[in-house]
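Enquirer: If you want the building blocks of each chain, they are given just below.
Protein chains: 2
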Amino acid sequence: MDRIVKLPPRTVERLSKYRRLLYKYRDLDEAHIFSHRLANMLNLTPEQVRRDLMLIGLNGNHRKGYNIKALIELIGNTIEPKENHYIALVGIGNLGRAVLNFIRKAETRMNVVAAFDTDKNKVNTTIAGVRCFDTSEMENVIRERSIRIAILTVPPEAAADTTDLLIRSGIKGVLNFTSVSLDVPPDIYLKNYDIITSLEEIGFFI
Amino acid sequence: MDRIVKLPPRTVERLSKYRRLLYKYRDLDEAHIFSHRLANMLNLTPEQVRRDLMLIGLNGNHRKGYNIKALIELIGNTIEPKENHYIALVGIGNLGRAVLNFIRKAETRMNVVAAFDTDKNKVNTTIAGVRCFDTSEMENVIRERSIRIAILTVPPEAAADTTDLLIRSGIKGVLNFTSVSLDVPPDIYLKNYDIITSLEEIGFFI
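Going line by line, the protein sequences match chains F and C.
So the first sequence is residues 1130 to 1335, counted in our numbering.
So the second sequence is residues 1130 to 1335, counted in our numbering.
Each hint should be verified, as a subset may be incorrect.
Identical copies go unnamed one by one, so any copy, or any two together, can satisfy a pair.
Claimed, not checked - With a cut-off of at most 27 Å between alpha-carbon atoms, the simulated DSS-like pairs for lysine-lysine come out as follows:
1. K1153 <-> K1251
2. K1198 <-> K1320
3. K1198 <-> K1234
4. K1234 <-> K1320
5. K1198 <-> K1301
6. K1234 <-> K1251
7. K1193 <-> K1211
8. K1153 <-> K1301
9. K1198 <-> K1251
10. K1153 <-> K1198
11. K1249 <-> K1211
12. K1249 <-> K1153
13. K1251 <-> K1135
14. K1135 <-> K1249
Since the hints were derived computationally from the structure, they do not count as laboratory data.
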């Protein structure tokens, strides 16, 4: 199946979530799942799930639901890059380490291949399997290793300058874990993760 | 204005994000912002922003956009609880510490009032301003302090059991930072944060 490029961001995000939820069932032969079960696990409506899956060309069986193996494979074909993605992690504090460990344990084509920090005690060490470079080497390392995505876990006061440097170095996507709202050019895909927003959403609905 | 309870989760999430972006402009008198500017900063369409704000009863001025102070106030009235929310953080590893520091610096009514861990070296200490209790005290502490939201930053193998214990203790909302997909009863509001999903979304769009 050809890669569908017109999917909206939210759909891609949900497809990725469906797949990760389904991974744990994939060794079951002929296992099926209903849209309402997937919907329940993710606070979505069954209609939303069915609409997303229809967008990638999949219809459920009314009696049995969706075939889990087929679902995992089709989502993979749709959203997964043909080759691996190379990622830089910028800022190795507590959050940076936690993120590195999280990614290392996950099954994904997302590979963190370099970390950056200004702390001389961290530079030239290996942290959670990843080499840490001095921030002054950023431009060279990012170009040499074809890194196109950066995870930003620096202190808030360093967020804006670091982002500018990343973009000058050729980064095309940023996952921002700082509390700072960043200005990026339109060709850069910025995704903010804001813990407070998630908590406020939970607070509203409980 | 009465609290609108029918807002969908995504709308609440976006309203929270609009407000947090706008905080930095609020000291400007009579400052306005256009929907397309807000949309740009969050990878949304201007139509989406206008629809969200119309839902809470706000129309922009065609020439000037939205009054920023009014916007912040109205979003606050809509999504903010009348009283503070009390939160427990469960699992004080690197991620737990990072989350605590993040929340402490933010302007929010979300208060982390207790942390839990099984590590005897952490129990009965204060970490990032929060008292750490032994996990065995969870049920008592949560009830005594009226805690209704938990942030889950435990290792994956502890995620399911810890969640069961939290729910038995009266927790109504969970922000899950583990990579484990949790089964919770329908009256519990579960929000998963999955770093891999965010990275896959970025990878798709760059």
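Enquirer: Take the hints in turn and mark each one as holding or not.
Expert: Cross-check of the supplied hints:
1. Taking the shortest Cα distances, K1153 and K1251 never come within 27 Å of each other, neither inside one copy (36 Å) nor across copies (33 Å).
2. For a Cα distance limit of 27 Å, the shortest separation of K1198 from K1320 across copies, 25 Å, qualifies, whereas the shortest one inside one copy, 29 Å, does not.
3. Proximity of K1198 and K1234 under a CA criterion of 27 Å is satisfied intra-copy only: 22 Å inside one chain copy versus 44 Å between copies.
4. Both within a single protomer and between protomers do K1234 and K1320 lie at most 27 Å apart by alpha-carbon distance, with minima of 22 Å and 21 Å respectively.
5. When the C-alpha separation of K1198 and K1301 is checked against a cutoff of 27 Å, the pair qualifies neither within a copy, at 32 Å, nor between copies, at 33 Å.
6. Proximity of K1234 and K1251 under a CA criterion of 27 Å is satisfied in both settings, with 22 Å inside one chain copy and 25 Å between copies.
7. In this assembly of identical chains, K1193 and K1211 lie within 27 Å of each other by CA distance neither inside one copy nor across copies; the values are 31 Å within and 45 Å between.
8. Proximity of K1153 to K1301 under the C-alpha cut-off of 27 Å is restricted to the inter-copy arrangement: shortest distance 26 Å between copies versus 32 Å within a copy.
9. For a Cα distance limit of 27 Å, the shortest separation of K1198 from K1251 qualifies neither inside one copy, at 43 Å, nor across copies, at 43 Å.
10. In the homo-oligomer, the alpha carbons of K1153 and K1198 lie at most 27 Å apart inside one protomer (11 Å), although the nearest pairing across protomers, at 47 Å, exceeds that limit.
11. For the identical chains of this complex, K1249 and K1211 are neighbours neither inside a copy (37 Å) nor across copies (47 Å), given an alpha-carbon limit of 27 Å.
12. In this assembly of identical chains, the alpha carbons of K1249 and K1153 never lie at most 27 Å apart, being 41 Å within a copy and 33 Å across copies at closest.
13. Proximity of K1251 and K1135 under a CA criterion of 27 Å is satisfied in neither setting, with 42 Å inside one chain copy and 49 Å between copies.
14. Proximity of K1135 and K1249 under a CA criterion of 27 Å is satisfied in neither setting, with 44 Å inside one chain copy and 52 Å between copies.
In terms of the numbered hints stated before, the structure departs from hints 1, 5, 7, 9, 11, 12, 13 and 14, listed from lowest to highest.
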